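Let's have the full structure, built from the sequences with the hints guiding it.
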Amino acid sequence: MRKSLIGLILLLLISSAPVTASPDWLSFRYDAGRTGRIPGRGDLPGSPLMKPRVKWIYYPMSVAPLASHPIITDWDGDGHKDVIIIDAYSRPLILKGETGALIPTSIPISLTFKGAEPSCGDTNEGFGLYLGGGSLALIYLAEGDILKGGLDGFAISPPLVMDVDNDGRDEMFIATDMGKLYLLNEDLSVIWSVDLRLRGRTLAGGDVNNDGDLEVIVGTEEGYLVALNSKGVELWRYQLGGAIKSISIVDGLVIASSREGALGVLDGNGQLTCKLQISSISSDIGIAERENIAILGTSSGEVALLFTNNCTIRVSPFDLGEVTDGPIIADFDSDGNEEAMFGTSLGYIFSVALPDLRLEWSYRAGSSTPLLASDDLDGDSLLEVVASLEDRVLVLEGSTTKTLLPEYPFIQIFSPPYGLYTNEDVLQVKYKVIYNETKPVDVRLRLGKGGVMKLLDVETRNTNTYYFYELNMSNMGDGIYLVNVAANVDGQVAEASSMFFLDRTPPSIEIISPKPGDKVLKGSELDASWNLYDNLDPLPEVSILLSKDNETWSLIAGPIREGIGSISLNTSKYEEGSYYIKVAARDRAGNYAEAVSGPLLIIEPQKDEVVTKTIRIVEPQNSSYFNRPFKVKW
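Each position in the sequence shown, counted from 1, maps to that position plus 1364 in this note's numbering.
It is possible that part of the hints are untrue.
[Stated by the list, open to error] As a list, the in silico DSBU-like pairs of lysine-lysine whose alpha-carbon atoms are at most 30 Å apart:
#, residue 1, residue 2
1, K1544, K1445
2, K1445, K1512
3, K1813, K1796
4, K1912, K1879
5, K1937, K1886
[Claimed, not checked] Have a look at the derived ranges for each label pair, beta carbon to beta carbon:
#, residue 1, residue 2, range
6, G1616, D1529, 50 to 60 Å
7, L1640, S1745, 38 to 48 Å
8, D1531, G1616, 19 to 29 Å
No lab work stands behind these hints: they were computed from the structure. Owing to the predicted nature of the structure, the values given are computational and were not obtained by experimental measurement. The beta carbon of each residue, even a glycine, is placed where N, CA and C say it ideally should be.
Take a look at the structure:
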């Protein structure tokens, strides 16, 4: 464990600074509510397959993965935009928008409960970051304080922040797993709570019935849409079917989707006007008002358009993985037509033209889903796109040159996915060379390790076709490898690479304590510690198990992948007797190792012996009994 953690710390210290690159790309406008409605348009003329350029990348030092969409705002009040992201344990990461430099915060990092997506708003104590974590509603204030409000149950919805009472300060809606919906004041005192008897997973707000007041729509795990006014009075409810995934409100219409593929449009009074069924829906709903359509992504890699005026649907497949984030919609390239931008489970960001669903460009941002937001980060009147991945924050720069890039072949590598760990002997390489027309293309496939590239394949094929290559790895050693594809179409060359880890070596485990023969008093803490090392995976998955016979094991902790090297186990619930403890580890490639220590003894603590005797005390004859001290000895 010590070697593994030292290596990880060195890697994080080296990589935690922003990495800059020269700008030359599109700009986007950010929708703070992430409803997909973005006013205005980008400033750049467009071109098919424009090449994105990275402005900066930030690699956080936290072991916990990043887990929220970026929020773009002026956090520290210096007049410049900042980027805020929450990690998996509700701890904020705050970066300068222009440079990616870390902004120190006095917010305690000891909070280790898991929270939901954050929102931002104004309080009577200044700007705040709103979120729910465990059974608390929280506001992180820019000055460093944390406001907390208790909830009945765990917060399971992202907070919906809006000025319900029009007093210039924001209130928070939040739902819990106990079926409650809360409206909380700026100090997190309860304005009202309603028992919906349904678990609210997603919230949306707006004037849905055109009465001049704001309403909240709750989408529940049980498949219901519930509308309430600002006083908490239920207006209507409708069962769409399947857990509600996303809700958008536009022009008096409520458009909602479920994870099971139900897509419905309701008017402001809860009356259904359109309902369709498509494949499983995995992204939020965006609204292209200019085309009068709703846009969303599916788990099978498709983008679907719902034309709300005639209740028809158009679906187009994209082989970039499950479409899990977005869309952000605007006329990005100022060609008079809107585009939609999505993130996928394979780490791609891609843009499609509306309404014909033509792929304009895609960019491999990493190996996890990019969570997207956009705004002008550096004050140049151009807009950047911010992508939050589990292990990095990435910003793609808006161009200041307004020049068109020439059309060129564009390569997508589907396998191996970037960052793959494998211990197999055969790896299938899958890729496609995309071009604006079908033409012959010369393709070169290479494999690299340690800066040395080996040619695998050279062929002449056609563009816009899948290519496959079976890589025999039986004689290859452990290490980090690079698959590189280069394509030449009429003298225009493009390259793409994907990295993978070949790892056939299991982790190495040494149990430090307990040692065989150790004795532990029942009711006390059993401290177990171990050393763990893996040659390629800095954080193998660890499980701790206990057995009485060294054959049948019970899981007592894990699986965990957080780099810890010890646990404490309370022995109160265990019987007196002999036990064995096992530490099992599995790395990301699937290699398994375990170590066992024992037997150790859990024993009952010794107790003072209690002796009971009957003693008769008789006073001298002719005396009366009275209270007085005396001693008994035997």
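query: Okay, which hints does this one fail, numbers in order?
result: The structure breaks hints 1, 6; every other hint is satisfied.
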